[in-house]
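Guided by the hints, dock chain L onto chain C, whose structure is given.
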Amino acid sequence: MSGLILTLKKELKVPLDASIISPTNLVGKTIDEVKNLELWEGNKKVKINEIFHVEGENKEEDLTIKLVGDFSKARGLGFKMNGGKLIIDGNAGLRLGEKMSGGLIKVKGNAGSWVGSEMTGGTIEIERNAGDFIGAGYRGGRKGMKGGKIIVKGNCGVEAGAWMINGIIKVYGNAGIFPGIHMKGGTIFIKGNCEGRAGAEMKDGKIVILGFLPSVLPSFDIDDIKDSVKVEEEKISGPFYLFTGDLNEEGIGKLYVSINSNPQLKFWEEFLERVI
Amino acid sequence: MSEILIKNGFVFDPLNNINGEKMDIFIKDGKIVDKVSSKAKVIDASNMVVMPGGVDIHSHIAGSKVNAGRILRPEDHVKDFEVKTKVTRSGVGYSVPSTFTTGYRYAKMGYTTVFEPATPPLKTRHTHEELRDIPIIDKGCFPLLGNNWFIMEYLKENKLEECAAYVSWLLNAIKGYAIKIVNPGGTEAWGWGKGISHLDEEVPYFNVTPKEIVRWLCKINNILNLPHPIHVHTNNLGKPGNYVTTIETMDAVKDLSKDGKVSIHVTHVQFNGFAGTSWLNLASGAPEIANYINKNTHVEIDIGQVTFSDTTTMTADGPFQYILYLLSREKWVNADVEAETGAGVVPFRYKKSNYVNAIQWGIGLELALLIKDPWKIHMTTDHPNGGPFTHYPKVIAWLMSRKAREKTLNKINKNAKRRLDLPGIDREYTLYEIAIITRAATAKSLGLKNKGHLGVGADADVAIYNLNYKSLDPSKDYKLIKKAFKQTAYTIKDGEIVAKNGEIVSSSKGKIYWVNSKVAEDIQKSMLNNLKMKFEEYYTVKMENYIINESYLHNSFMLNVQSEV
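Quick note, the sequences are listed as chains C and L, same order. Residues 1 to 276 (the numbering used here) make up the first sequence, in order. Residues 1001 to 1565 (the numbering used here) make up the second sequence, in order.
Simulated from the structure, these hints should not be mistaken for lab results. Think of the CB as a built atom: it goes at the ideal place given N, C-alpha and C, for glycine as much as any other residue. Hints are not guaranteed to be accurate.
Selected chain C positions facing chain L (Cβ under 8 angstroms, derived; list incomplete) [claimed, not checked]:
| hint | residue |
| --- | --- |
| 1 | Y138 |
| 2 | R139 |
| 3 | G140 |
Just chain C, same shape as in the assembly (with noise of 0.2 angstroms):
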């Protein structure tokens, strides 16, 4: 394979703050150049030489990087990258490609917390499990992801997709309590269970969950019930019971629950054909 290789040298025991390390920052740089960049590890600065075994070649624009090793202690891997891929062969910590823009991050493992926050562009796809607030906003920030992509194969923690304002996650797995907190567009797609309060605060954009939602949030109405909803080009079909919200906030989200995974929401079909 082309593009750098970077090996761990030894298991990470505390942070490392590895923001540099992403296609955009290193593309271009001779592997000697690469192999002197400075980064934190805990309170110490430290060579990526000291750290890594640095092989391969870097000679395309569209630069590869491939990380082997257990990663849940680096921090900000692929930190506002543009363009080229990412394959972390293994986990990776917190802020995984966060404010990136353009461009490619694979994780063969885990993924920790904040998983594309701020991101503008481009993909993150986890294979396994991804931590709590993936494309949310910096704590405490009021601005969630703003586009791009992140699919996680397996589950997500809390407050996925908190304050998203455009792009799309996708969890195959299950998800945490209060997915789409506070958002204000985009689409959060949960193919398994949901703990609860979906959507709190949200104005707008899509959530659509596939598995059991043990209730919704009395700040929504029932609007329809759908045979199907469009997930980007994908079509999933139904039955959908469509709720709008949160009307507390004065929202006009859209939250669809899937009908077959969820008989106990069954009451919310009376005040349906009341409006009617």
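Chain L in isolation, oriented as in the chain C frame:
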């Protein structure tokens, strides 16, 4: 101890009537002296401006609500952080910096004394813990007394001497410096889910009015001979048309001026200087307020300038912060209602394009420019309410240069520009006047005899700015002024160089000022007997735990004050 000779600087020392004269300043053992030995370290200040260290009268730098602001705004910290050096600690925060960063940033700007203007008495232990962490600068705090139950009860029963004894005890107990009044009676009404919109409206349960509270505490201030007049944040703050309330509040204590001295300090008047009847026709009430202040001698103000930035508003005015939350739909913390006051914190972004924000910006500057006597004005941004204190250089440039003002005027909301008087005001502050509003008048108002001037015996707190006074045309070179005031060439604190060209070179511990007020023993005794009973009833803490020992302040400076009772 070391000796320093500051050579050939252009000295601005308004309290000693020195206006840009080229002279030398001598420092020995942390004080200004009239000569030093030949061993003294020489600082060549030729082509530089030498001023006493800056004194800030009103800046929220420590205490429970400041910390609530820090907790509320992680996104404020991520964009602004300082890496540790050999002498400084690391820190974060743009509008609500951490304690250490606060001290360093003030020192870099040439400020050496800063007062935290609002501390709930019950939580002042926390305030002192933060104050003693803030390095380099001297500081102090004003306890909030405008909504205190005991004071309102004394007022209801008309027991002036006993109340004075209580205030005296309280200042000693929690090591406060002056009487702060925030929305008198209004914050208490807020605790009952109500509000107060007029000076003569009665506070629920206590049946006293804001006007009575202000007059009462002003009388007590006179009786106790406190160094600083009552420090008042008026009712109706942040509401259109509130300039009337502001003038009424000033007028309420006109007759209480003792020997022609100032009887009231009205704070961040920009926020209390709104004319108009709604947000749509909001206008500047600054001309009316300035007119009143020009005619009277018993009032002084600080401006609370808006600087157009992303900031965090925090006041002990809980009801106002609630209104601000409703307007902005931002995050909101409602705090301190369990203490003797209330407070709120709401993040806020002042925008040039916003009509209301642009008018607010104009009000602050109009106040400073229309009030003729600079000794009645103190420059503040009500940090962080109007903008962070790091924006002071911007404010100085606006005051000193009409051109700088015009440049900003061209960028603000067009309707606001039309409605402001500011474009027609030609006045430009001189460096001498800037020295008055940033240090001399402020130190005088706070009763700090050794601060704000460079006379023999003064504390050796000196700021040396890289500004060539002789070749300077402030109205054109406002960019130079901004740059110079952003960071000093040298900041000297207690005779030690602490900052050099914007770098902290040595970090010392500043002092905490407090007032040791004394009243006659028999009055004190009868008041305490009464108070102990009530304390058991009203408070969740024992009186013994409420009192803060002097040793808790680590490095304190006690100001002895003898009262008239």
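We went through each hint and held it up to the structure:
Residue-level restraint check for Y138 (chain C) holds (minimum Cβ-Cβ distance to chain L is 5 angstroms; threshold 8 angstroms). The beta carbon of R139 (chain C) is positioned within 8 angstroms of a beta carbon in chain L (closest approach about 4 angstroms), and the interface hint is therefore held. Satisfaction of the interface hint for G140 (chain C) is found here, the shortest Cβ-Cβ separation to chain L being roughly 4 angstroms, below the 8 angstroms cut-off.
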